[in-house]
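Protein chains: 2
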Amino acid sequence: MSKGFLLVISGPSGSGKGTVSKGLLSRNKDIVFSISATTRKPRPTEEDGVNYFFLEEEDFKKKVEDNQFLEHAFVHTNYYGTPKDFVLQQIDKGEIVLLEIDVQGALQVKKNYKNVVFVFLLPPTMDELRNRIIKRGTESEEDIERRFKNAFEELDFVGEYDYFVVNDKVENAVLDIEHIIQAEKLRVKRHSDIKKRVINKEED
Amino acid sequence: MSKGFLLVISGPSGSGKGTVSKGLLSRNKDIVFSISATTRKPRPTEEDGVNYFFLEEEDFKKKVEDNQFLEHAFVHTNYYGTPKDFVLQQIDKGEIVLLEIDVQGALQVKKNYKNVVFVFLLPPTMDELRNRIIKRGTESEEDIERRFKNAFEELDFVGEYDYFVVNDKVENAVLDIEHIIQAEKLRVKRHSDIKKRVINKEED
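Line by line, the protein sequences give chains A and B. In terms of the working numbering, the first sequence is residues 9 to 212. In terms of the working numbering, the second sequence is residues 9 to 212.
If you are wondering where the hints come from, they were derived from the structure by calculation, not from laboratory data. Just so you know, not all the hints are guaranteed correct.
Where chains are identical, the list cannot tell them apart; a pair therefore holds if satisfied intra-copy or between any two copies.
With a straight-line Cα cutoff of 20 Å, these simulated EDC-like cross-link-like pairs (lysine to aspartate or glutamate) come out [as the list claims (entries may be wrong)]:
1. LYS69 - ASP56
2. LYS11 - ASP170
3. LYS197 - ASP164
4. LYS49 - GLU150
5. LYS122 - ASP170
6. LYS204 - ASP164
7. LYS209 - GLU161
8. LYS203 - ASP110
9. LYS203 - ASP164
10. LYS197 - ASP170
11. LYS203 - ASP135
12. LYS157 - ASP110
13. LYS11 - ASP100
14. LYS92 - GLU65
15. LYS209 - ASP176
16. LYS209 - GLU136
17. LYS193 - ASP170
18. LYS122 - ASP74
19. LYS92 - ASP74
Remember, it's a predicted structure, so these values are computed and weren't measured experimentally.
Work the whole structure out from these sequences, hints included.
This is the structure in structure tokens:
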């Protein structure tokens with residue numbers, strides 16, 4: 009039996025984790041995207057169980073108490089979290105589950121679950137990081153500085169991760185992560201029956 | 009500073025570790041092949057420091073006592089060993105050093121050095137393993153059976169390795185190992201200055 013694993017793609021704001029995750033998913037249809045739970049109301053185009061698992065605040069808090077999230081956070085006026093049961097079911101079936109998440113969320117996941125491959129996405133330079141944060145627009149000078157300072161500080165957490173990938177060009181970052189996935193599939197520790205498989209396999 | 013690592017390609021006789029290692033080296037000119045030391049006399053075409061480090065038995069034994077080998081063995085009438093200093097120098101320079109070795113040798117290396125990526129090469133089926141052992145020729149029925157039995161028993165040691173690669177087609181096994189190398193280069197633990205590198209890097 010071969011187990012899958014949780015692939016956490018994380019990094020500071022401006023590292024490009026969203027773009028890289030999308031690129032990875034579009035090229036690898038077999039990777040399962042981890043769907044978050046939230047207490048915010050669905051938008052007209054959003055579907056429960058597709059974009060999010062939409063929960064009432066009471067239900068969300070109950071799940072937090074029951075340790076049903078790999079991580080969770082309160083952002084502005086809503087709760088967001090990664091439901092444990094969905095991720096674990098997929099992994100038991102041998103799937104690779106992708107979770108795109110900020111650094112604080114990744115550190116929470118690390119405390120709660122062991123079968124994880126942690127990838128830290130880095131901006132190529134600090135100048136480029138600043139450019140990316142500015143390009144998002146709609147933010148005051150102050151917000152940009154705060155974001156930049158946070159991103160700078162979060163780089164210290166790279167030591168908590170398994171792999172680092174420099175996101176200079178998105179295509180290259182995606183290729184790097186594909187190498188990591190292929191290698192991690194070949195990890196002995198994820199397979200309990202390697203000898204048996206060779207012995208029982210019939211000649212083609 | 010980025011360190012390299014020792015890549016051990018190992019497996020039972022008939023797993024094809026020699027062929028796969030040659031394929032890997034021919035496609036990846038930057039991989040350094042670990043040169044063995046031996047007490048056997050050089051053949052006319054062999055050069056000291058290229059094919060082997062040729063040593064007198066006395067010198068070899070002195071090096072064994074001084075813990076100068078990552079592993080060593082006595083085969084027929086000669087000693088063979090992997091000199092530690094050559095491997096460690098290359099790794100300090102950031103190189104990837106390939107050591108192709110039998111299972112017993114790999115287990116010795118594991119006891120003596122930590123910065124190693126262990127790859128276990130598997131035959132696709134037991135029938136194919138038997139075919140490969142027979143194809144080597146020049147061996148009695150008895151020798152073939154002994155080799156096959158050893159190979160079967162050595163499959164139990166796959167649990168001591170980091171990765172397993174099924175050597176069905178050599179090209180695919182080489183590709184698998186290339187994924188492993190690319191991923192291992194991105195391991196956080198082998199880099200001590202990831203944040204500094206991003207901070208100090210100038211914009212292109």
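Against the structure, the hints:
1. LYS69 - ASP56: Answer is within; shortest intra-copy Cα gap is 18 Å, inter-copy 71 Å.
2. LYS11 - ASP170: both (19 Å within a copy, 16 Å between copies)
3. LYS197 - ASP164: between (29 Å within a copy, 14 Å between copies)
4. LYS49 - GLU150: neither (29 Å within a copy, 74 Å between copies)
5. LYS122 - ASP170: Both, since 12 Å and 17 Å are each at most 20 Å.
6. LYS204 - ASP164: between (43 Å within a copy, 10 Å between copies)
7. LYS209 - GLU161: Close across copies (17 Å), not inside one copy (51 Å); limit 20 Å.
8. LYS203 - ASP110: Answer is between; shortest inter-copy Cα gap is 17 Å, intra-copy 39 Å.
9. LYS203 - ASP164: Close across copies (7 Å), not inside one copy (41 Å); limit 20 Å.
10. LYS197 - ASP170: both (15 Å within a copy, 7 Å between copies)
11. LYS203 - ASP135: Result: close only across copies, 14 Å inter versus 51 Å intra.
12. LYS157 - ASP110: The answer is within: 15 Å in one copy meets 20 Å, while 52 Å across copies does not.
13. LYS11 - ASP100: Classified as within: same-chain Cα gap 6 Å, cross-chain 35 Å, threshold 20 Å.
14. LYS92 - GLU65: Only inside one copy: LYS92 and GLU65 sit 18 Å apart there, 61 Å across copies, limit 20 Å.
15. LYS209 - ASP176: Only across copies: LYS209 and ASP176 sit 12 Å apart there, 43 Å inside one copy, limit 20 Å.
16. LYS209 - GLU136: Classified as between; 10 Å across copies, 52 Å inside a copy.
17. LYS193 - ASP170: Both: 15 Å inside a copy, 11 Å across copies.
18. LYS122 - ASP74: Within one copy only: 19 Å inside, 40 Å across.
19. LYS92 - ASP74: within (11 Å within a copy, 53 Å between copies)
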